[in-house]
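2 protein chains.
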Amino acid sequence: MNRALKPSPEEKHQHADIPRKTVYRLSLYLRCLELIVANSGKIVSSAALASVACVQPAQLRRDLAYCGPLGKRGTGYDVLFLRNRLEEILGRASLQPVILVGAGNLGQALLSYKGFAKEGFEIVAAFDLRPQRIKAGKIPVCDMHALQPIVRKQAIRMAILCVPGSAAQQVAEQLFKAGIHAILNFSTAVLHLPETIAVNNVNLAIELENLSYFTR
Amino acid sequence: MNRALKPSPEEKHQHADIPRKTVYRLSLYLRCLELIVANSGKIVSSAALASVACVQPAQLRRDLAYCGPLGKRGTGYDVLFLRNRLEEILGRASLQPVILVGAGNLGQALLSYKGFAKEGFEIVAAFDLRPQRIKAGKIPVCDMHALQPIVRKQAIRMAILCVPGSAAQQVAEQLFKAGIHAILNFSTAVLHLPETIAVNNVNLAIELENLSYFTR
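Going down the list, the sequences are from chains U and Y. If you read the first sequence in the working numbering, its first letter stands for residue 404, the second for the next number, and so on. If you read the second sequence in the working numbering, its first letter stands for residue 404, the second for the next number, and so on.
Keep in mind the hints are simulated off the structure, nothing from the lab. Treat each hint with caution, since some may be false.
Put simply, identical chains are the same to the list, so a pair is met inside one copy or across any two.
Calculated pairs, BS3-like style, for lysine-lysine (alpha carbon to alpha carbon, straight line, at most 30 Å) [unchecked claim]:
(1) K424 - K580
(2) K580 - K541
(3) K521 - K538
(4) K538 - K556
(5) K517 - K541
(6) K538 - K517
Work out the full structure, taking the sequences as your base and the hints as a guide.
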């Protein structure tokens with residue numbers, strides 16, 4: 404979301420091969436290819452795929468250059484081959500375990516959202532200061548004290564952070580210490596964390612505020 | 404969110420005075436200032452505010468230059484004055500009416516989220532193909548046929564789009580025709596719309612996929 408507010412992925416993740424913005428676009432191309440597969444398409448030109456994805460063809464070709472050899476020049480991409488290659492790169496073959504921390508309004512809303520599982524992510528546990536207040540269906544809601552043992556035991560690397568802004572920094576540090584490598588931050592706080600942990604910010608209020616400015 | 408995938412705000416919104424990325428950062432500065440107000444701070448230096456917001460001081464000064472005169476050089480910003488000025492620019496004085504379209508899993512989750520109201524946005528109505536299936540508390544859930552009359556009558560300009568990706572383009576065109584000026588797009592689809600309508604994309608699965616890549 405407010406991507407512009409953070410250090411660039413190149414700065415933060417020098418160990419990774421593909422820049423973060425390119426990884427975003429690969430996700431997008433994958434979804435476009437899935438649509439083309441659903442419509443029984445076999446071959447797609449870079450111009451057509453770029454047009455569906457709303458990017459420049461040159462951008463698309465630069466992005467796909469990160470994916471290794473993809474076919475002969477001038478004949479278009481083999482849709483199934485490219486889809487499988489992107490799935491492999493983006494690690495969608497296996498279900499990724501994720502934890503959710505802070506099961507207030509938004510946290511509970513996300514716990515009830517079934518879209519994550521469909522995309523290959525499984526919320527395996529939720530954590531809250533007052534776990535007894537939460538109804539989360541089949542997902543166990545645990546006390547914050549259980550965070551570190553569960554993260555370590557299940558080798559979980561990703562967390563969704565939905566605590567109030569005032570608590571976010573402290574909880575994010577706990578997540579880091581527990582061994583979490585990546586945080587999807589729904590809180591309003593700007594997190595100050597070591598560069599080895601990846602943070603993506605999703606601030607729904609800021610998105611609306613931004614749009615609202617442009618409606619006037 | 405996947406901001407990199409869209410035309411730059413400068414291209415899309417030539418009528419607006421402030422670039423979209425700057426508007427994002429103004430929202431962020433506003434939240435930092437609210438925190439400083441809560442801590443009884445009166446004056447803040449650009450270096451300190453930039454540090455809290457995780458941006459470079461030069462970036463902060465460039466952004467605030469869009470906000471008109473803000474005080475004497477070298478004495479820091481008056482916290483309350485700057486907060487009020489940002490609230491005024493971002494239009495937070497009044498409650499903005501918003502509609503939500505597509506009350507499936509995620510739509511219902513967002514309807515139950517109380518965070519929007521706290522930030523100055525009120526979901527005044529929801530729309531769905533099968534409105535009778537939805538429980539949305541106090542928010543009326545209407546048939547899609549009622550969309551245009553309600554949007555026009557209440558002069559609503561903003562919509563949250565939560566329909567499945569396969570329906571998103573068609574529904575977005577309906578929103579445009581009804582008079583909506585800005586869409587917060589939670590669907591997986593890339594929307595192709597006239598440049599006069601602003602679109603921000605929030606794709607939770609893509610955010611997780613992106614983070615997941617960087618945890619490996």
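Each hint tested on the structure:
1. Taking the closest pair of Cα atoms, K424 and K580 come within 30 Å of each other only inside a single copy of the chain (27 Å); across copies the shortest separation is 32 Å, beyond that limit.
2. With identical chains, the CA atoms of K580 and K541 are at most 30 Å apart within one copy only, with a shortest distance of 27 Å there and 42 Å across copies.
3. Taking the shortest alpha-carbon separations for K521 and K538, both the intra-copy value of 22 Å and the inter-copy value of 23 Å come in at or below 30 Å.
4. Within a single copy, K538 and K556 get their C-alpha atoms as close as 24 Å, which meets the 30 Å cut-off; across copies the closest is 38 Å, which misses it.
5. In the homo-oligomer, the alpha carbons of K517 and K541 lie at most 30 Å apart both inside one protomer (12 Å) and across protomers (23 Å), since each shortest distance falls under that limit.
6. In this assembly of identical chains, the alpha carbons of K538 and K517 lie at most 30 Å apart whether taken from the same copy (15 Å) or from different copies (17 Å).
Of the numbered hints listed earlier, not one is contradicted by the structure.
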